[in-house]
Amino acid sequence: MPDTIKVKLKIKRFDPAEAGGKTWWQEYEVDVHPDSTVLDSLIEVREQEDGTLAMRCACRASICGSCGMKVNGGAKLVCKTRVIDVAPNGEQLIIEPMGNQHVVKDLVVSLDAFFAQINRVEPFLQPSFVPEAEYTATNDSMENLLTSMNCIMCGICVSDCTVLEVDSNFIGPAALAKAWRFTEDPRDSKRDERLKALNDEDGGIWDCTRCMKCVDVCPKGVAPMDRIMELREAAIEAGNTNTHGYHHTESFYKSVKKNGRLDETRLAIDSAGMFNIPRMLDLVPIGLAAMRKGKLPPLMPHKAEDHKKVRELYERVEGESK
Amino acid sequence: MYEHDVLIIGGGLAGLRAAVEVTRAGVDVAVISKVHPVRSHSNAAQGGINAPLTDRGDDWESHAYDTIKGSDFLADQNAVEIMSSEAGEAVLELERMGVIFSRGEDGKLGTRAFGGQKIARTVFVGAITGSAMLHVLFEQSLKLGLNVYEEWFVTKLIIEDDVCRGVVAIDIKTGEMHTIKAKAVIMAAGGAGRVFEPSTNALICTGDGLSLAYQAGVPLMDMEMIQYHPTTLARTGILMSEAARGEGAYLLNADGERFMEKTAPDYMELASRDVVSRAEQTEIDEGRGIDGNVLLDLRHLGREYIEAKLGYLQEVSVEFLGIDMAEQPVPVQPGMHYIMGGIKTDVDGATAMPGLYAAGECANVSVHGANRLGANSLLDTIIFGRRSATHAIEYIKGIGSHSKDESVLASEKARLQGLLDRPKGERVATIRDDMARGMTKGIGVFRDQASMEGALENLKNVKSRLGGFSIENKGKVFNTDLMFGLELEFMVDCAEAVVAGALTRKESRGAHFRTDMTERDDENWLKHTLMYKDDEAENGVRVETSDVKITQWEPVKRVY
Numbered sequence: 001m002p003d004t005i006k007v008k009l010k011i012k013r014f015d016p017a018e019a020g021g022k023t024w025w026q027e028y029e030v031d032v033h034p035d036s037t038v039l040d041s042l043i044e045v046r047e048q049e050d051g052t053l054a055m056r057c058a059c060r061a062s063i064c065g066s067c068g069m070k071v072n073g074g075a076k077l078v079c080k081t082r083v084i085d086v087a088p089n090g091e092q093l094i095i096e097p098m099g100n101q102h103v104v105k106d107l108v109v110s111l112d113a114f115f116a117q118i119n120r121v122e123p124f125l126q127p128s129f130v131p132e133a134e135y136t137a138t139n140d141s142m143e144n145l146l147t148s149m150n151c152i153m154c155g156i157c158v159s160d161c162t163v164l165e166v167d168s169n170f171i172g173p174a175a176l177a178k179a180w181r182f183t184e185d186p187r188d189s190k191r192d193e194r195l196k197a198l199n200d201e202d203g204g205i206w207d208c209t210r211c212m213k214c215v216d217v218c219p220k221g222v223a224p225m226d227r228i229m230e231l232r233e234a235a236i237e238a239g240n241t242n243t244h245g246y247h248h249t250e251s252f253y254k255s256v257k258k259n260g261r262l263d264e265t266r267l268a269i270d271s272a273g274m275f276n277i278p279r280m281l282d283l284v285p286i287g288l289a290a291m292r293k294g295k296l297p298p299l300m301p302h303k304a305e306d307h308k309k310v311r312e313l314y315e316r317v318e319g320e321s322k
Numbered sequence: 001m002y003e004h005d006v007l008i009i010g011g012g013l014a015g016l017r018a019a020v021e022v023t024r025a026g027v028d029v030a031v032i033s034k035v036h037p038v039r040s041h042s043n044a045a046q047g048g049i050n051a052p053l054t055d056r057g058d059d060w061e062s063h064a065y066d067t068i069k070g071s072d073f074l075a076d077q078n079a080v081e082i083m084s085s086e087a088g089e090a091v092l093e094l095e096r097m098g099v100i101f102s103r104g105e106d107g108k109l110g111t112r113a114f115g116g117q118k119i120a121r122t123v124f125v126g127a128i129t130g131s132a133m134l135h136v137l138f139e140q141s142l143k144l145g146l147n148v149y150e151e152w153f154v155t156k157l158i159i160e161d162d163v164c165r166g167v168v169a170i171d172i173k174t175g176e177m178h179t180i181k182a183k184a185v186i187m188a189a190g191g192a193g194r195v196f197e198p199s200t201n202a203l204i205c206t207g208d209g210l211s212l213a214y215q216a217g218v219p220l221m222d223m224e225m226i227q228y229h230p231t232t233l234a235r236t237g238i239l240m241s242e243a244a245r246g247e248g249a250y251l252l253n254a255d256g257e258r259f260m261e262k263t264a265p266d267y268m269e270l271a272s273r274d275v276v277s278r279a280e281q282t283e284i285d286e287g288r289g290i291d292g293n294v295l296l297d298l299r300h301l302g303r304e305y306i307e308a309k310l311g312y313l314q315e316v317s318v319e320f321l322g323i324d325m326a327e328q329p330v331p332v333q334p335g336m337h338y339i340m341g342g343i344k345t346d347v348d349g350a351t352a353m354p355g356l357y358a359a360g361e362c363a364n365v366s367v368h369g370a371n372r373l374g375a376n377s378l379l380d381t382i383i384f385g386r387r388s389a390t391h392a393i394e395y396i397k398g399i400g401s402h403s404k405d406e407s408v409l410a411s412e413k414a415r416l417q418g419l420l421d422r423p424k425g426e427r428v429a430t431i432r433d434d435m436a437r438g439m440t441k442g443i444g445v446f447r448d449q450a451s452m453e454g455a456l457e458n459l460k461n462v463k464s465r466l467g468g469f470s471i472e473n474k475g476k477v478f479n480t481d482l483m484f485g486l487e488l489e490f491m492v493d494c495a496e497a498v499v500a501g502a503l504t505r506k507e508s509r510g511a512h513f514r515t516d517m518t519e520r521d522d523e524n525w526l527k528h529t530l531m532y533k534d535d536e537a538e539n540g541v542r543v544e545t546s547d548v549k550i551t552q553w554e555p556v557k558r559v560y
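Chains A and B, in that order, give the protein sequences. All letters in the first sequence, in the order written, are residues 1 to 322 by the numbering used here. All letters in the second sequence, in the order written, are residues 1 to 560 by the numbering used here.
Next comes chain B alone, as it looks inside the complex (with noise of 0.2 Å):
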C-alpha cells in the first residue's frame, strides 16, 4: 500500500506541470502513468503554442476571442478570459525552464501563423513543439526527483462517501495490483481519440481517465464535440501539422483549386479546423477529391524553408508515403483527432467531486467549447495544469488522514481475475474495431440523426458483447492483453457519452456539424450537454444541460 498527498494520473504535459507545481510547494506527490512520462501523447502536438505576448503588440483579449469564436461561443469565457491572460507567462516559464522556443531577429520568442487566428501568436519548436516541451518538463522532473509510478494502469478510483481517495492499479512490469491512497487526485489521463478509427491519436489514448470519473459519477461535458483535423496523411491518418498552413501551404482539390477561397475567402487555409474539414470533405464528396484526399501542397516554400520549419512533416511524408514534400504535394484527409469534450471541471480544475481534479485533453474547463483552434491545447495542458495542483494544494490542507478503506482492492482484483477467468471468446480487438468504425460512420465530420442513431445501435451491439470477450494472455508480467481489455470497457463508457451527446444537441455548432439542422441555435442550445453514468436512465446516460458563460462577448454569426 502507497500513499500520498497529491496523486496525479498522467505523465503528460498537463500531469507533469501540476507535479511540478506541487514539488515546488513542498507537497508530498506521484504521479502514476501506464506509459514512462516521455512516451506520453503529449509528444505528438507538433505545430505550437498560442502566447499573446504582450510586449509584441498582441493582447490577450484578442486571443481569448479567437478563442470563444473559434468555439462557437460554447466555451466559458471565464475560462477562456484566464487561459489567455496568464498564457504569455507560463509560455515564458517554459522557455526559462529549457524549451528551445524558434526566435524572432531580436533573439526573444519568434512566431507563426495558425487556424483561426489574424495575428501570429503561436511560439514552436519546429514540428516537435509538444515533444520538445514535454522532454523538457521530463528534465525539470528529474531535477525536482519527482516520483514516478512507471508503466502502472490506474483500473479504479477509490470513492468513500463521495470523495476521491486514491487509486487501485497494476504495477504492469509485475502484475500485482496494488492501492495508493492520496488525498487529492488529479486526472491529467489524456484523451479518447481511440474511440474512432481511424485516428491521429496513439493507441494510449484510450479515455481511461474520462471513463474512471465517469463511472464513479462525475459527469462528462459536451461530448458530441470532436476535431476532425484537417490534414492527416492518406491511408496511414498520421497527423501533418497546422504548421504547415500556418507557414503558407496551400489546400488543393483534384482540379488544382484553392478551394477554401469557397467558403472562408478571408482567412482561407487557416479558417478554423472544422470549418476546414467540412470544405475538404465537400470536395472529396462532390467529386473532386484524389482517392479520397485533398492535396496539400508546400512546394512554394522551397525545401531548405521546408526542412527548416516543418523538418518532421518532411520526415514523416518521405518515410511513410515515400512523397518529398518540396516536390510533390502530399494526399491529406480529416481525421479524428481530438476532443473538446471530457471532464468537467471548474477554472481550478475541481470536477463535480471533492478530492478529485482534471486537467488537459481528459478535462473540459470548457475553454475549446465546439471546435479547438490550434495550439491551444498545450496551453490548456500547462494553464489548468498549474491550477489544479494549486487548488488541489489548498484543498488538501482540510484533509486529516488517508482513507481506510481496503475493500477496493479486493473487489477489483476479483473482477479482473474474473475476466482472466473467462472461457474463450470474443477477440477484445474484434469489437473495439467494430466500435470505433461504427463511431466514425455516425459521428463523423457530418453527422445528422439516422447515422448518430446508427452510432447507438451500433454501440448497443458492442456493449452487448463486453460480456463475452475474454483474455488470451493468462500471465502476470507485463500482460497488455489485459490491459486492451479493461481499455476497452474505458472507450465504451466515452463512445457511450459522446453518442448521447450528440443525439441530445439539437442544433449544428462547431465539430457537431448536423445536415440536418444546419443552423447554429443560441436561443435553445448555448448550452452544454452534460452526461452521467445511470443505469436507470436511457442506454445507461443521463444527459443534462446547463449555461454557457457569457462575460464579455456576445455570440455572432461565425465568418472566416
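Isolated chain A, as found in the complex (with noise of 0.2 Å):
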C-alpha cells in the first residue's frame, strides 16, 4: 500500500459578504494517508490549501453530529467516511451542504430551522410524579429508546428528506424520532397528548411519504421513517382515526383485501373524506390533469386474478400478529 493516496475534492463554495451571494465551485488535490476519511482530505483542505473554506467538525468519532455534509449528492457524516469507500478509483468528489437548510457559508448551514423543529414536538421529559429515587423500568423499555437517543442531531436525515424539500412545515424525520423517544419513554405521562399533536398537526407523522431516504442517509441507525411508522401505529391504537393519514390506511387496506390491488380513486376519496367537499374540490383539478394524460385510474375498481391469494395472506398475517 503506498504511504498516501491522493484526493481529487470539487467544493461548492458560498460566500455570503459578496452582493447577493456568491456561488461557485471550487476543485482541490490533496494527498493523505490511505485510510483517510473525507474529513481528514477536507481538514488537509483547509489546513494546507485553503483557510477560507468554512465547514464545521469536532469530534472525529461520529458522535458530535458536526460535519454532516453531502458526498456525490447524498448527506454524509464526513468524518465516518472514508475516501476507498465513496472514491475506489480516485475518482473526484463532489462536496456540497446539506440540503433543506439554509446555507450560511461555502459547507456551514444555519441549525435554526433544525432546532426549531426538535422544538415542536416539546423534546423533553413529561412525568406525571417525581419518585424519591429514580424511576423504575425495564432494561428493555429503556434499551429501546437507545435507537432514538444513539441521534446526534446532526441534520443528514433533514438535508436528504424529500417532503421536506417541497414542505418546509413538516416536523422532519429527526424531530419525529425525537417525539418517538418520549411516547416510548415509560416515565412520560402525555404520551396520548403527544401522540394526538403529532396525529392532528399540519407536518405532522401523516406527511412523510415513506420514501426510505433517511433510514439510508443516517450514519447512527436511527431509522427515523421506522420510527414515525411506529408512531402512526401508535396514533391510531390510540383512537386518533379521524385523520386523511389513517382514513388513507384504512382505504388502502381495505381494497387491496377486497380486489387484490389498489382502487386508487376510492384512495383519494376516502383519504380526503367524502364530505370533505373543499379537499374534494383540490382533488378535481388533479383528476382532469391526470385524465388528460391519460393517467386517471379506472372508476370502478378491477379485482386482481389472485385476489384469494391476497386475501388468504391477510388472514394469515393477521392470525399470526393476534
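There's no promise every hint is true.
Said to hold, decoys possible - Computed list of lysine to aspartate or glutamate pairs in EDC-like fashion (alpha-carbon distance at most 20 Å, straight line):
no.: 1; chain 1: B; residue 1: Lys476; chain 2: A; residue 2: Asp15
no.: 2; chain 1: A; residue 1: Lys8; chain 2: A; residue 2: Asp35
no.: 3; chain 1: B; residue 1: Lys441; chain 2: B; residue 2: Glu286
no.: 4; chain 1: B; residue 1: Lys476; chain 2: A; residue 2: Asp207
no.: 5; chain 1: B; residue 1: Lys108; chain 2: A; residue 2: Asp188
no.: 6; chain 1: B; residue 1: Lys397; chain 2: B; residue 2: Glu160
no.: 7; chain 1: B; residue 1: Lys173; chain 2: A; residue 2: Asp15
no.: 8; chain 1: B; residue 1: Lys262; chain 2: B; residue 2: Asp297
no.: 9; chain 1: B; residue 1: Lys143; chain 2: A; residue 2: Glu193
no.: 10; chain 1: B; residue 1: Lys474; chain 2: A; residue 2: Glu47
no.: 11; chain 1: A; residue 1: Lys196; chain 2: A; residue 2: Glu237
no.: 12; chain 1: B; residue 1: Lys143; chain 2: A; residue 2: Asp188
no.: 13; chain 1: B; residue 1: Lys476; chain 2: A; residue 2: Glu47
no.: 14; chain 1: B; residue 1: Lys108; chain 2: A; residue 2: Glu143
no.: 15; chain 1: A; residue 1: Lys303; chain 2: A; residue 2: Glu250
Stated by the list, open to error - Far from chain B by the CB rule (all over 12 Å, computed), these chain A residues:
no.: 16; residue: Ala137
no.: 17; residue: Gly203
no.: 18; residue: Glu233
no.: 19; residue: Asp270
no.: 20; residue: Pro278
no.: 21; residue: Lys293
no.: 22; residue: Gly294
no.: 23; residue: Pro301
no.: 24; residue: Glu312
Keep in mind that the hints were calculated from the coordinates and are not lab data. Ideal Cβ positions, reconstructed from N, Cα and C, are used throughout, including at glycine.
Take the two lone chains, each set in its own frame, and fit them into one complex as the hints suggest.
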C-alpha cells in the first residue's frame, strides 16, 4: 500500500459577503494517508490549501454531529466516510452543503430550522410524579429508547428528506424520531397528548411519504422513518382515527383486501373524506390533469386475478399477529 | 452590548448543569459557546458515571477512597468527600430528568465495573453515556428556554479591579465582536487535549477557558497531570471506552499474554488508567507489541452482548478499522485523553478571582489529583457545575451594577485586526502540529528531565513563531481560520503551564511518571503545583506550590 493517496475534491463554495451571495465550484487535490476519511481530506484542504474554506467538525468520531454534508449528492457524516469507500479509484468527490437548510457559508448550514423542528415536539420528559430515587423501568424499555437516543442531531436526515424539499412545514424525520423517544418512554405521562398532537398537526406524522431516504442516510441507525411508522400505529391505537392519514391507511387496507389490488380512485376519495368538500374540490383539477395525460385510474375497480390469495395472506398475517 | 447576571462559557455538561441551576433560581443567565451545545465534547464520554448508591449496599466513603487512591493521593480529600457524598443524588436527578440509564433486574439503575474500583458502581447508557446525558440536559435547556449564544467565540475576559465582569466575544456567524457583561462568569469551556497530538479529544478542545483565566492572572493547578487513556484505536486515536474492560475485555500482548497480571494481579485490566497505560507502553517498548499497539480482546463476550452493551465501540471498530470485535481483537494504544490539571477552584467552583468560577474539565477542584478514575469526569461536571452555579447566585447578590468599561472591546477589535492584517507568514496548523507533537514526545506516558527539557525547548521555538503566523481568510462570516489562530495562542498558554508543572515536580505520582525519579515523594511533593502567568519569571511562568488537603486517608503505597 502506498504511503499516501491523492484525493480530488470539487467543493461547492458560497460567500455571503458578495452582493446577493456568490456561489461557485472549486477544485482541490490533496495527499492523505490511504485510510483517511473525507473529513481528513477536507481538513487537509483547509489547513494546507485554502484557509477560507468554512465547515464544521469537532470529534472526528461520529458522536458530535458537526460534519454532515453532501458527498456525491447524498448527505453523510464525513468523519466516518472513508475516501476509499466513496472514491475507490481516485474519482473526484463532489462536496456540497446539506440540503433543506439555509447555507451560511461554504459547507456550513444554519441549524435554526433544524432545532425549531425539534422544539415543536416538546422534546423533554413530562412525568406525572417525581419519585424519591429513580423511576423504575425495565432494562428492555430503556434499551429500546437507545434507537432514538443514538441520534446526534447532525441534520443529515433533514438534508435528504424528500418531503421537506417540497413542504418546509413538515416536522421532519429527526424531530419525529425525538418525539418517539418520549411516546415510548415509560416514564413520560403525555403519551396520548403527544400522539394526538403529532397526528393532528399540519406537517405531522402523516406527511411522511415513506421514501426511506432518512433510513438510508442516517449515520447512527436511528431509522427515523421506522420511528414515524411506529408513531402512526401508536396514534391509531390511541384512537386518533379522524385524519386523512388514517383514512388513507384504512382505505388502502380495505381495497387491497377486497380486490387484491389498490383502488386509487377510492383511495383519494377516502383519504380526503367523502364529505370534505374543499378537499374534494382540490382533487378535481388533479383528476382532470390525470385524465388529459391518460393516467386516470379506473373509476370502478377491477379485481386482481389472484385476489383470493391476497385475502389468504391477510388472514395469515393477521392470525400471526394475534 | 449584552448583559446577564450570570454568563456561562461552555455548553457541555458542566455548563448546561450550571445553567439549569441558575435558571431554576430565577436568575438571568446565558450560555455562550463556540459550538452548539450538543456538539460539545461531553458527547465523547462513553463508559458511564460513578454513583455510589447507598440503597444498593455501596457507600460514598468507598468511592471517595477509590478516587483518592486513584489520584495517587494528590486529590484534595475535602473536595472528593463532597463529590462522592453528593454523587448518588446527582445521578438520580439526571435519571429523573430523562437519561435512559441501563437498569438491573429490579428496574432500578444497573451498574457496570470500571477501573480502579472493586465495586461495580458505574451507571451507563450503552457506550454513549456522555452523549445521552448531554442531550437530556439540552432537552432541559429547551424546556427552560435557556438563552444560548450559539457559535460565539470568547476572546477575552473583562477584568476590572481584579474582578471578572464579563467577556468580549465574536459572533462567528456574522464576524461581529460584542461585549457581554456579567456579574459572574462560570468557565465551563472544557479541556485542552489538542495541546497534544495525537489525542482522543475533539478539535475544539483547545484550552480556551484555561488560557483566558490564566491570562487574567488566575493560577492553573497540577497541569503536568495528563491522562493517557489505555485504549485508543490504532492509528485513528479514537477512544475505545474503559467500559470494554469493565464488561470483561482482556488486554493481550503479541504473545497472547494478559500482561496486566505482572503489574496489577488483583485488578488486572481494571487497574487505574495511568497504571494500565504504563504497562501497555512497557510491553510495546520491550518489543511485545504489534506495530506499536497491544490488543483489546472482547471475543469471549459474544456478539450479542457486545452489540447490546458496547454498540458504539463495535460501530467505531468496524467503520474505522474494518474489525468486527466479535471475531477479532482490536489494536489499541495509550493516547492522550484528559487533563487532570486546570483552573484552581475551591469546592464551590470559585477561582482566585472574584466573579470568576470554573467547573468541569477546565477546572481543578481537585478531585482527580494525579490520575482520574474512569467515570469520574462526568460526575465532576454535574456536581461542580451545579455547585459553581449555586455559589455564583449568592455572589451576584452583592454586585450592584454592571461594569462601565468599554475599553476591552476596542482593544480586542484592534488586536484581532492586527492578526488579520499580518503579512503572509507561517500557517497556523504547522506551528500547532510542531507544538503538539513536541508535547507528546516530551510529556508522555513516561517522561524524564531530558524529555521535558526537550518539550520546553520545542515550546520556546513555537512561541518565537507565534508572531509570524498569518490568517489567510480576511472575511467576516464563519472565519474559522481566525479562530484557529486564537486557539493556537490559547493552546500555547496551556502547554507552557503543563511543561512548567512537569519540570517542577521532582517525583513520580500518578500520570506524572518520571523514569529518572520513579518513586513518589510524599515528604516533599504531597503538594499541588500552581502556575501563574508572569512575564518577569523564567519562561513566563511563576510556579508556586500548596499543600494537599488530607481529611481521613493518610497516603499509603498504591497497589492494584
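Using Cβ atoms and 12 Å as the threshold, tell me whether A/Ala137 really stays out of contact range of chain B. 6 Å, violated
Between the alpha carbons of B/Lys108 and A/Asp188, is the straight-line distance 20 Å or under? 17 Å, holds
Within a Cα-Cα threshold of 20 Å, do B/Lys262 and B/Asp297 meet the stated pairing? At roughly 18 Å apart (the allowed maximum being 20 Å), B/Asp297 and B/Lys262 satisfy the hint.
Taking 12 Å as the cut and beta carbons as the points, is A/Glu312 off the interface with chain B? 36 Å, holds
According to the definition I'm using, a residue is off the interface if its beta carbon is farther than 12 Å from all beta carbons of the partner; does A/Pro301 meet that for chain B? Its Cβ never comes within 12 Å of chain B, the nearest being 46 Å, so this holds.
Distance restraint between B/Lys108 and A/Glu143, which requires alpha-carbon spacing of 20 Å or less: With Cα atoms ~14 Å apart, B/Lys108 and A/Glu143 stay inside 20 Å; holds.
Mind checking the alpha carbons of B/Lys476 and A/Asp15 for me, to see if they're no more than 20 Å apart? OK: B/Lys476 and A/Asp15 at ~10 Å, within 20 Å.
Checking one constraint from the list: CA of B/Lys476 to CA of A/Asp207, max 20 Å. Satisfied? 39 Å, violated
For A/Asp270, is the shortest CB-to-CB distance to chain B above 12 Å, so the non-interface label stands? The assertion about A/Asp270 holds, with a minimum of 38 Å to chain B.
Once the closest CB in chain B is found, is it more than 12 Å from A/Gly203? 19 Å, holds
Say whether it holds or is violated: A/Glu233 keeps its Cβ farther than 12 Å from all Cβ of chain B. 22 Å, holds
Compare the distance between the alpha carbons of A/Lys303 and A/Glu250 with 20 Å, and conclude whether the hinted pair is satisfied. 18 Å, holds
Of the numbered hints given earlier, the model fails hints 4 and 16; all others are met.
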